[in-house]
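Undergrad: Single-letter residue listing:
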Amino acid sequence: MAQRPAARLSVNGQSHEYHGDPRRSLLDVLRLDLGLTGTKKGCDHGQCGACTVIVNGRRINSCLTLAVMHDEDEITTIEGIGTPDALSTLQAAFVAHDGFQCGYCTPGQICSATAMIEEIRQGWPSAVTADPADKPAVAEAEIRERMSGNLCRCGAYDNILAAIRDAMAQTEAAR
Amino acid sequence: MSDTYDTPDTRDMLDRTRQGVIGKPLDRPEGPLKVAGTATYAAEYVRENCAEGVLVGATISTGRVKKIHRDLVMAMPGVLGVYSSERMLRRAAQGTAGEAPEQDVSKVDFPMQPVALVVAETFEQATNAAKALQIDYDDQSGDAQFMPQDVDAEPAADPITAGDLDRAMRDAAHSVDLAFTTPGHASAAMEPHAAIAEWDGRDLTLWGSLQMLTYNVAELADSLGIDPKHVHLLSPYVGGGFGSKLGISHEAVAAAIAAKELDRPVRVVMSRQQVFQSIMRRSETEQRIRLGCGTDGRLTAFGHEALVSNLPGEEFSEPVTQASEFLYAGENRLLAVRKSDITRLTAGSVRAPGEAVGMQALEVAMDELAEAAGIDPVELRKRNLPDEVPGEGTPYSSRRLVEALDAGAAAFGWNKRSAKPCARREGEWWIGMGVASAARVNILAKAEARVTLTADGHVIVETDHTDIGTGSYAILGQVAAEMLGQPIDRTTVRLGDSRLPSGAGSGGSWGASSTGSAVFLACEAIRATLAQALGCASDDLLLQDGKAWAEGVEPRPVTDLLSEDLTRTGKIEPGKLMEKVNQSTYGAFFCEVAVNAFTGETRIRRMTGAFGFGRVLNAKTARSQCIGGMVWGIGSALTEELAFDSRDGHLVNHDLGEYHVPVHADIPDMEVILLEERDPHASPIQAKGVGELGICGAAGAVANAIYNACGVRLHDFPMTPDKLLADLPDPFAPAA
Amino acid sequence: MKAFEYDRAGDLAQAVGSPAMLIAGGTNLLDLMKLEVATPDALLDITRVGLNEITSEGAGLRIGALVSNSDCAAHPRIRADWPLLSRAILAGASPQLRNKATMGGNLCQRTRCGYFMDGRSPCNKREPGTGCAAQGGVNRNHAILGASDACIATYPGDMAVALSALRATVETEGPDGIREIAMRDFHRLPGDDPSRDNVLKPGEVITAIRLPAPIGGRHLYRKVRDRASYAFALVSVAASIRMDGDRIDAAQLAFGSIAHKPWTDERVEKLLVGERPTPALFGKAADLLLEDARGQGHNDFKITLVRRALAAVLAEATGE
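Chains as they are written, first to last, in the numbering used here: chain A, 1 to 175; chain Y, 1001 to 1736; chain S, 2001 to 2320.
It cannot be assumed that every hint is accurate.
[Said to hold, decoys possible] Residues from chain A that keep clear of chain Y, each with C-beta distances beyond 12 Å, as calculated:
1. Arg-31
2. Gly-38
3. Lys-41
4. Asn-56
5. Glu-72
6. Glu-79
7. Ile-117
8. Ala-133
[Said to hold, decoys possible] A few chain S residues facing chain A, derived, Cβ under 8 Å:
9. Asp-2031
10. Asp-2045
11. Ala-2073
12. Ala-2074
13. Arg-2079
14. Ala-2080
15. Gln-2096
16. Leu-2097
Hints were generated in silico from the structure; no laboratory data involved.
Computed from a prediction, not measured in an experiment: that's the story for all the values here.
Backbone N, C-alpha and C fix where the C-beta goes; we use that ideal spot for every residue, glycine too.
Using the sequences and the accompanying hints, generate a full structural model.
TA: Dropping the structure here:
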């Protein structure tokens, strides 16, 4: 039997060593071991997106991955994106456009959108890109499709879209 | 200050105050916490030495637990206890029950009903042990009925009848007689049900995800057999409710029992699957709607009958015909709901019980009658708004349905609709438009709130009311800031703590108007004291930005009038007005859809809603409630359906992968028109509820648009591609 | 979740022949492990063994088994020459899942049959010999072709449907060495042993997917589903169609969510080649494709839906 390897996680720039139960999901390590409860558990099966975090620049469902598999990975959670007193542009736009109601899906929406904006900038295609060979347009249909891995049962989608568009425009203008 | 609401408050108080924050589209005060992930939900409190509990569901449909093989599981790593007691809940409590629901988990009422709780040191140990727990059953499923049609249904209430419906149908110039079905729905709030229970001697503290703390304290205390004074509930943030958290559920009682036994805190979070399998479903319905009108389009016959279901012994029945009682004319009437007792999980309140499914069927029937009569569907609705509630003679309070239909039609461009289906094709897609009315009952509920104006000029609002995403934090602060003339950033709202005065709780769309009125009344009492100090009549007092004055009285800082904190409690109870005047909320939906000519997939292209629901307390959060409701309407129209196995009653699609709530890509641009009105009959703040109105009829507009697009008239929701396919026209045929 | 031993493989050799369950993206395996539908005693993490490059092989392409779905879909050559593959991947799951899911793992994803997933109903796939609760149950999304009395489940994925149309191959390395399996032969029909989804042998590891030289033409992936996104297909059609003037010159087709494997039928492809595209021709192709199709009740509609989805795809691809 191999000795269980530990995992050194970098979470929001802070280093953590995890050598607990290998069954524990990255989500549960964040919530239970590190006290980073901004990342939410909505379904625990990759069906809602509430647990979205950014790992090495990419958004993933933290519920469907084991913490031990993230040795040396750079993980960004909602707590690493902004704080109530220093919100990111996107977080502030969510407040201004009421891009949430109950707030439970919200950290996942914001982590997801943060990474999505980068994916569009890098020219990744989506299912609604007319020709995958083309650089995608920054159109509403593109954003809706790309955000479809994040459910919002309160139905704030229209406002979430407005918040994302606003934040993208602000960021673009600041460039 | 207490007020049984018997006479309408027509002072328009909130229009005469000066602060100018009421109704404004202000950001939610708790917004920064929610977007930064620091708002704390039930499962997220850090308690020293907290153990983890996982519920175990029954693998039979109905029967009894014979033996639980505890020993094997107790020997597993980290396992602390296996609990299965006569106090644990078989069912969740219905909304406003205020007492324990069915207890004793040695009985099984429905498939996957919780029968035990396994507690371990860690979540992983507990879930694994819960799976491993062997239970022997006395399976009595052989006698059970799983399909509502297979049971002799009983009337859920006395039918409402007037005149002779059959004869009126025969005599009508135009009539429709239609059968509809709607499937079961799940609330599917994003936060699963969760509780952390901790005892200090005889006192229980429970962090829960709950909508109505006053009732929940009573339910939990009764379930545990303790005095309510020993129960302290905390629920400051709730990750969505939609009815599913009105009453306490399995996890709260189980956590409390285990925590007592183990003498340490216990957290129980239901899995997403368990929430689907054991928390309230909306009943499926079968509906028959009969409408008849004269050549002038005026309704003479109005019949709406429904079959719903619930578990044996549950009184709740989906009130399908609720809006049919008051919405449209028709002197010959029959409204009736029957209920079948079947073995499926408990049916209860899911956002807008009754209207959510009743209105979508009625509004399709109205569309068909309009077509039969050759009258524009908007016009047909306008022609059939009665002067008083049919059969009752009760007058209406405010009803801006005509304005909603007209404003919605103008904004949407309804005049561009072709009355004939299959008139517009864009590539593979048929394009069509539909309309529906919105209607929902309005309720004022008992509520209490405490407001403090501090000596240094801060406003503090306190009540055990909850904010489940509805905007309570925002609007209660706005009412108080407006009344007391303080800037909104000097206003603090504290909610979700059962030790605070009893708010109305979030449910039935009554939270804002009821608890808002309690805040208003508390502020009136504070104003009276301030007026006295200033030396003017209370109604003459003017307050703004921390200054107080009156006609002929020089402005003074309010703090000069205060020697200490000034605290008053406001209390409202529903009174005679609820009976004397019909107070409902209204609106209209307009929807454009595209239906794929080949595959029958429907995509919503745009949607407009216009709504009148009394005073708007915060235009931003009110609009959010409306778009949320419309999203639910789209889900109900196109994607949402609980699928039960007819052989044993178990829910097959018990997760978010297979129960399809709408995703971003399903939802188009949404336009919301808020029709300002004052309804002094509804509440002292002249506001009504808006949390549910946005669903009530929305799916009908979608269905009508589908028909207008492609000519396929469906009566079975949701309108998935499989149902459209059979009747779709030849995709290669040119457009008509 | 059942307890397991976890280890990380340092190289491919450690994974080949290992009795442990291999885990890479884990998006389906962990889902099933949480439900205890999958209960491995040991997990071997292969995410650090390489196999994550996309390299040209002549006019074709070799995609490492551990390339993420997202990277594959966004790869410039795939977008240019095999857009069908990009489209199919992007039609599946969500961006978060595609970022994690790997090419090899995606091929191994298991059915979404509710009776398989619930961990307790009779299911010959999960527990051989217990029966099939989907027959007579809720079977709206089950197979209409190639099902057996033992199992009517479908393969739920999208990517493999495109790869089947494109005549990709799967490269594996096992204790007996390296072999190349035609994508169209990789997944199995259920027969009397539905517990096996594909032809992988114990200890055999998927190392790469190979795409043969592109044939050009129009590449379309049509996924019909209940939601506009983030839902499994009711049916899907993968098509690569090349025209020569007004006639179909080459046709590659595969169909998803109608059978226990991505469904292909060379007879249908042959029938189309050399013909002028017309609605009548599309109808004949569907007749042939569906001659043995059989519904289970709730899924009868799929027979009509496949016919119409195929017509839509062929009409769009041929400009008819």
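Undergrad: Check each numbered hint against the structure and report the violated ones by number, ascending.
TA: 1, 2, 3, 6
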